[in-house]
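Dock chain P against the given chain G, drawing on the hints supplied.
2 protein chains.
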Amino acid sequence: MQYELLDKINTPQDLRLLTVPQLNTLASEIREFITHSVSCTGGHLASNLGAVDLTIAMHYVFDFTKDKLIWDVGHQCYTHKILTGRRELFSKLRQKDGISGFPSPAESEYDQFSVGHAGTSIPTALGLALASEKLKTSEKIVAFVGDASIVNGSNFEALNNLGLIKRQLLVVLNDNSMAIDVSQGAIARFLAKVRLSHKYEDLRNTTNRILEHLPVVGKRVEGALESFKQTLRMAITPSRLFESLNIPYFGPVDGHDIGSLIELFKAMGHLSSPAVLHVYTKKGKGYTPAKEDPTKFHSTGPFKINGEIEIESTGKKSFTDVFSDSIVKLAKKDDRVIAITAAMPDGTGLVNFRNNFESRYYDVGIAESVAVDIAAGQAKMGLKPFVCIYSTFLQRGFDQIFQEVSLQNLPVVFCIDRAGLVGADGPTHHGLMDIGFLRMMPNMVLVSPANGIELEKALRFALDCSSPVAIRYPKEEVKDEFYRDVFSQPYELGKSVTVRNGSSNVVIVAYGSMIFEALKAANILEADNIDVTVINARFAKPLDDKIISLINADNIIVTVEDHYTACGFGAAVLEAAVKAGANTEKVKILGIEDIYVSVDKREKQLETMKIDAKSIVSTVKNLHSIDKFLQI
Amino acid sequence: MQYELLDKINTPQDLRLLTVPQLNTLASEIREFITHSVSCTGGHLASNLGAVDLTIAMHYVFDFTKDKLIWDVGHQCYTHKILTGRRELFSKLRQKDGISGFPSPAESEYDQFSVGHAGTSIPTALGLALASEKLKTSEKIVAFVGDASIVNGSNFEALNNLGLIKRQLLVVLNDNSMAIDVSQGAIARFLAKVRLSHKYEDLRNTTNRILEHLPVVGKRVEGALESFKQTLRMAITPSRLFESLNIPYFGPVDGHDIGSLIELFKAMGHLSSPAVLHVYTKKGKGYTPAKEDPTKFHSTGPFKINGEIEIESTGKKSFTDVFSDSIVKLAKKDDRVIAITAAMPDGTGLVNFRNNFESRYYDVGIAESVAVDIAAGQAKMGLKPFVCIYSTFLQRGFDQIFQEVSLQNLPVVFCIDRAGLVGADGPTHHGLMDIGFLRMMPNMVLVSPANGIELEKALRFALDCSSPVAIRYPKEEVKDEFYRDVFSQPYELGKSVTVRNGSSNVVIVAYGSMIFEALKAANILEADNIDVTVINARFAKPLDDKIISLINADNIIVTVEDHYTACGFGAAVLEAAVKAGANTEKVKILGIEDIYVSVDKREKQLETMKIDAKSIVSTVKNLHSIDKFLQI
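These protein sequence lines map, in sequence, to chains G and P.
Numbering-wise (the working numbering), the first sequence opens with residue 477 and increments by one.
Numbering-wise (the working numbering), the second sequence opens with residue 477 and increments by one.
This is chain G alone, in the form it adopts within the complex:
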């Protein structure tokens, strides 16, 4: 496709050659480009369409080769990437050798931090600002944060500490009145109320009033801020939070009025203290289907330009789908069952639960720590909370799981979706540390079901457990069609299941859905006359003694897991084996080595990281030939 203006924009400098009407046209072209591009590749749509004008205005005013732009979460950075020389790469968005869907310093000097988690923009921007004070540099610093992220505890802690600096730091609060799902919590409700009581003309008035009173561009007016703040204190502004934190607050203003935004940014760049600019934007602006259903178009696969999203009808269910059904079934049987999400009802498969059991469903917003603590309180009172959080985001609850759950030995169930490699979302989103950080904690039970049949059984097992249980499962379709009898065996604490009995001394022990790579490997090896045993470990803690006794019996053992080899399932096997005095010479651990795994399809990542069937085969063959050689 050809674009009159966009085709000429190669760096943010080119923006400055355009008039405001031309910038508006450019914004439309960018919206068209993003919509078309994401319809082909998939990606984040609604939030990006909302942030186009704001991003243009920021790049028009600031020079982010020197100035610093810090994104929160970062999935709304597409316009930023388009304007900073990465337009051509959008055909490979979120693909191998393409560009990331999140900010990435490896791609561009315009990106400061690789991010993907919420709550980090204000604290890291504060760090940059403190350093700049020390180094006496004069760059402008802008933290760009959505209404869903600003309520995260880390951002709050940073807001509370903004007084550490005596220099410019602009927090742009991009308020599209919606988090990934619906914004949660008191502040979100307050923002929503203000929004409803607010006419469009008010926004324009506010902008004008700010501009009237702000120091003229280029003229530095120290101390003028105090009197200025008095002028702006309007009853309709949601400024109390910021006032109580002693942070100058401006707004709300129209986030789609590029001309005004440029004036505002120019003026606010000259403030000599931190400040918040509160901006209203519309998710999905410029593309009606996304505007009408921003949740559907938050993160999407390829779709038709009329708004139809083609669901690839493989007819297969994902782990998330199975979880979604199973948790509803459990809740029907047992009214102690509670479900908790941190702003991810869709992603974690809780929409169905919410619709069925609204009063037993809690969304705390992007606040994983609190999700864990609420569950601890509920469990203490005898309820059965299921905390549903992606593996990577559960890292935010590490200390809470330690102190409030494991130390108290409370029966909270952690449903850890997106465990392992996650494909297109890349390094910030892989869940490669949960086995390690959870198994260090006394009282914890760690489970990974192999497929949908097992996930349902694992949930049922967890419900009956008197200890905390962590159930991890990947972003994958379930394979429920093989070995149904074996997988249907009920869960028993610390008991593995032998899926395939082989006649050789080779045993493959898999944790979770990796069992299917192991079984595939077994078939290949059989053709080579190596008849292997395949064990589905089910538990990483407590480990089945049987696995250790197999090591003692001088077998070749290969463990496979979708986790870092450091501290993972295989490491747990080694620790137990050495404790038992076993010889581990013929043991190999397959898992992710000590690197950050870049964007690719999940299947490809398994292959590259050598935890697929092929790698299992070659590992086994290698061990087997050494073993045979030694036995001669």
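I should point out that these hints are in silico values taken from the structure, not numbers from a laboratory.
Careful, some of the hints might be misleading.
Pairs of lysine-lysine, DSSO-like flavour, derived with a Cα cap of 30 Å [stated by the list, open to error]:
1. P:Lys742 - P:Lys758
2. P:Lys808 - G:Lys610
3. G:Lys1090 - G:Lys1080
4. G:Lys1080 - P:Lys1055
Just so it is clear, the structure is predicted and the values come from calculations on it, not from any experiment.
Just chain P now, kept in the frame of chain G:
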């Protein structure tokens, strides 16, 4: 000592037989009891003296066999313990088979959660309240939180989510205008400002106004709250934060006026929504030395009743002391050096640094996540931030270390004090997971110096590193008098140091200060004609290949560490050994097994957990005799 009233108080019920003047006398007796008791055993003093009257009033009004009292951090719970039948046990405060210095459900039905970390009271209380709604129970729920803890991100996230409940939940904000050191951040400054502009009579007026307007005790007045809130909105109150969060706020009131507090608690227990009661108290009240220097008497060893604290003049320095000196030396040489603490300048040894380099020192309050992120921002700009946080509290920064430091590969230095077993503070404070959670992250370098000489060298090494470095050290005196030459060898990435060369095939590999237990063991073993080699590993990541090659060479290897065996240093050795195809039959890992280690002296804990010289000796002997037997 004999107390007229206190001696008759065995349960909180006994309180209700007393008049308010008697309760005041009781409060004085409790202050005397606590001061005397802590002067003998050591413990937290100033904060406990401040909370006496509040605690009496709470127990007078509420029945905490049914009602729930949730402490934040919890070191201010002494009066609570005294009133709930644990007075006699104060002679064994923070000692084996005595009572914990923190709340402990194992001790009493009056304690809900074992705590010790900040920021958990409001979220867990919210969990209890949600469960109570579900279970239709009617207990009152009280969260007791200090001004230093309420600003923690987790408490903030919970405040933002209090709208989830439609029932009573009272947050008692115990404002003694001082965190462990000086309260940090905008909210703390705001509270301090209000306090200064506030006369004592105002407090009494406020109390009277609240009582006038609050529903009469016992009479449930639904809906009355709104009009009531209007009445109470006074310019002098620091209520904006709570208003913006839509939480009814009452106060500030006098936290030493037991009579009024009883009336307030009675009235507020009947509210049908969450509310905050803001209470002023004086740290150290009733004991002049503690009132005048609350930091000195925050957490103290035994002292003379005239206020003199006898420092046991062993003349020996702790790791913290050495750190304190070394970081100042580094900062003098290199002006990129920055130091960051999360409300622990004393504990982490930064007071000296603060006095020398005020502008390069940052205290962010109890907000570990932000401490990490600020450092990431500073490192990004070329500075060298040293983040000084106890091991157990660094757990709060896990996700930030992952995304903002390790993924970006920024040279932040983590100075991890109180790593390993910490003695009297018990299970919430041990630092037994840092090796595990940090070594999973790519780019991280993990170091543990053996003594003071090495700590200084490790810090210098870290300063020159281009990756993030984590330096862990225990709550221990340094042993700098032995093998000075060996320990003085400069640090080299991933290189261990052989401290003792033995003639047998036994090698003891120690991480950190455990080297001295290993050396002690070596001496004992020598007497038994087993001449062992002792290696000081220095690095847990990257590991020295030499250690692995020793395993390959068929030696007996015993690793020793002050960390859980799961995921620890020894586990790292095993993982590397198995990768190299080594036989680990003759390897043993000594570390902490899968339990929570209860309160005792650190030396005793090392013994009980079998990571002391004696256990090393018996482990070696055991392996050695098997080995000899097999060689016959």
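Which hints, by number, does the structure contradict? none
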